[in-house]
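Undergrad: Chain by chain, the residues:
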Amino acid sequence: MLLSITRILSVPALLLILTGCERDEPTSYLIPKEDRNVTMPGAVAEPTKQAPAASGGSMQVLPGMEQAANQTGEVRYTVPEGWEELAASGIRKANLKVTNANGSAELTVLAFPGDVGGRLANINRWRGQIGLAATTPEALPEFTESYTISGHGGLYMRIDGGAQSILGALLPFHGNTWFFKLLGDSETVLANETAMKAFLDSVQLPDDNH
Amino acid sequence: MKSLFKFFSSLKLTVVLLTFSMMLIFFGTLDQVQYGIWHTQKLYFESFLAIWAYPAQAPAYDQLFWLRIPMLGGYSLGALLFFNLIAAHITRFKMTWKKCGIFLIHFGLILLLVSELLTDLLAEESQMPVDEGGRSNYSQSYRDNELVLIDRSHPDYDSVHAIPASLLKPGKRIDLPNTDLSIRTISYYPNAEIGRATNGAPTDSPATRGISVRMGLVASPKAVTYAEGEMNTTTAFVEVLNSEASLGVWLVSNVIDERFPPQIVEAGDNAWEIALRFQRQYYPFELELIDFSHDKYPGTEIPFNYSSEVKVHHQDSTKNQKALIYMNHPLRYEGFTFYQASFANQDTTSIFQVVRNPGWLLPYISVLLMGLGMCVQFGMHFVGFLKKRR
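For the protein sequence lines, the chains are A and B, in the order given.
End of the first sequence sits at 210 in my numbering; the numbers just go up one at a time, nothing left out.
End of the second sequence sits at 1390 in my numbering; the numbers just go up one at a time, nothing left out.
Hints in this document: simulated from the structure, not taken from any laboratory.
Each residue gets a CB set at the ideal place from its N, CA and C atoms; glycine is no exception.
Incorrect hints may appear among the rest.
Residues of chain A placed beyond 12 Å of chain B at every Cβ, according to the derived structure [unchecked claim]:
1) L96
2) F112
3) N124
4) I130
5) F143
6) Y147
7) T148
8) G162
9) D185
10) S186
11) E187
12) L190
13) K197
14) Q204
15) P206
Selected chain B positions facing chain A (Cβ under 10 Å, derived; list incomplete) [said to hold, decoys possible]:
16) S1159
17) V1160
18) S1166
19) L1167
20) P1177
21) N1178
22) I1183
23) M1215
24) Y1226
25) F1260
26) E1286
The list that follows gives simulated cross-link-like pairs (lysine-lysine, DSS-like), each with its CA atoms no further than 25 Å apart [unchecked claim]:
27) B:K1311 - A:K33
28) B:K1012 - B:K1002
29) B:K1006 - B:K1099
30) B:K1222 - B:K1172
31) A:K33 - B:K1319
32) B:K1099 - B:K1311
Please construct the entire structure, taking both the sequences and the accompanying hints into account.
TA: This is how it looks when you write it as structure tokens:
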């Protein structure tokens, strides 16, 4: 009888030991190269096609950021002819869409506090989105120009990425940075450069600082 | 010893334990209102002792705030019932053909108790969001976080060094495996509010490097939320040390993710990206989402079907396969089960629940055994009854 009891007891005891073994500890492992535009000393920044879906795609809005984005106020602008206005949502200040026979493109307007990593980091982030390698500060004048938006000095850029392209502008504005980005099929994007500039010219940001 | 055995084999104990189980389920259900299902499960069923406190929202809380009811938790009750059933079996049941039905039922029940414990200990659940046309080779936990330092310098692979967030205790120093680095936690908040320091106000951020300094971000602790659909902004200030020299203090948080420029730790010629993120599990295969459909009844917003057409790309291409995942039709692949869990981004992202449960077959077997046992037992009675009538 005693033997059978010890046998019975041994089963849960074994299970308890098993739980004890499952302890958290630091680990180290290798993964296939991820698409993350990081300039590291000695690193070869080569975008791969294995983009993890969670990055960029799923829009999970940071609690503090939405609040901060809301503090930047509303933007006023004129919708260029033939463009379609979509509802602004979450941290997007404005959202427009343009479609032509060759494809479509979407314009988003965002604002964040601070310099959000600086000019170069943001330009490289955009370049990464259309599959281009990171650029250097010296190469910037080749595709950027200064541009005045809502009475303040910003930076306009034309990033031709082959299948997809970006016409964009960065605007440091009283402690915040505004991002204007038209991203989509290259032929649609590049054909709408005049409209994009007209849009930027029409932008009026709330300004209580003057 | 004998009296102990007598105690365990008593049927009175069975009745008492079943009553306690009902109590546990009743109070657990009450607490689910404030804690949500996951936390309640931890408190009541995956514990040895549970204490129910009079809820603050209930009427007459002012008079009854002191009321506490301690009760045996799920583990204690499960273990006691397990011993009770086995001890009762040894003392009462003789293995005869007449009793084999009862024996099967009881064995099925024991197997069910064991399988529940196994599921509880071994099953892992995580989420995998995939964009239409995109692929993913990892899934992430809903609740557990990890601090990672990633070395992306090699052209063919990235090397990840991960520390589970449960080890981030203020003041504690942890060596990072396979590097010369170690991490010291300055502060750790299971949930926090991250915001920008208002102009002029003193910033009490201990960070000396990274996004906190660049954007003037500060973190203040917040109560942990258990509500479904809400996430905890797990945040920490960590100091990175290279042997004995401090490389700086960084603010890391699971909301400072891929949408932000990476935070870099540099030591000599080496560099690591530092981040706190939901714990990830990588697979030797990639799941590609070909198409996600979200069908609605015509003219309404009421959904009648969600489905995801996927293709699995394995490193060993003979294992590639296509599948359609929809309600009650998960994809079972390499010991993992992919369920259709949710969707996002105007129906262009599908979210799968990935479950690994080595004991998933046991409940089926135990239910089959119990059913068979009942058929045998009642069948024998029925045959006996028919014989008597003749």
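Undergrad: Restraint: B:N1178 near chain A, CB-CB cut 10 Å. Satisfied or not?
TA: Constraint on B:N1178 satisfied, holds at 5 Å.
Undergrad: A cut-off of 12 Å on Cβ-Cβ distance, and A:Q204 was said to be off the interface with chain B. Does that hold?
TA: 24 Å, holds
Undergrad: Say whether it holds or is violated: A:E187 keeps its Cβ farther than 12 Å from all Cβ of chain B.
TA: 20 Å, holds
Undergrad: Would you say A:Y147 is clear of chain B, with no C-beta pair closer than or equal to 12 Å?
TA: 23 Å, holds
Undergrad: Does B:L1167 pass the interface check with chain A, least Cβ-Cβ distance below 10 Å?
TA: 6 Å, holds
Undergrad: Could you check that no beta carbon of chain B comes within 12 Å of the beta carbon of A:L190?
TA: Given a closest Cβ separation of 23 Å, the condition holds.
Undergrad: Take the shortest C-beta to C-beta distance between B:E1286 and chain A; is it under 10 Å?
TA: 7 Å, holds
Undergrad: Hey, does A:S186 actually stay past 12 Å from chain B on C-beta?
TA: Correct as stated: the minimum Cβ-Cβ distance to chain B is 18 Å, above 12 Å.
Undergrad: Quick check on B:I1183 please, does its C-beta sit within 10 Å of some C-beta on chain A?
TA: Hint holds; B:I1183 Cβ to chain A Cβ min 9 Å, cut 10 Å.
Undergrad: Classify the label on A:D185 as holds or violated, using whether its beta-carbon is more than 12 Å from each beta-carbon of chain B.
TA: Correct as stated: the minimum Cβ-Cβ distance to chain B is 15 Å, above 12 Å.
Undergrad: Going straight from one Cα to the other, do A:K33 and B:K1319 come out at no more than 25 Å?
TA: Within the cut-off at roughly 22 Å; holds.
Undergrad: Would the hint linking B:K1099 and B:K1311 be met if the CA-CA limit is 25 Å?
TA: 51 Å, violated
The structure fails hints 2, 3, 24 and 32 (numbered hints given earlier, in ascending order).
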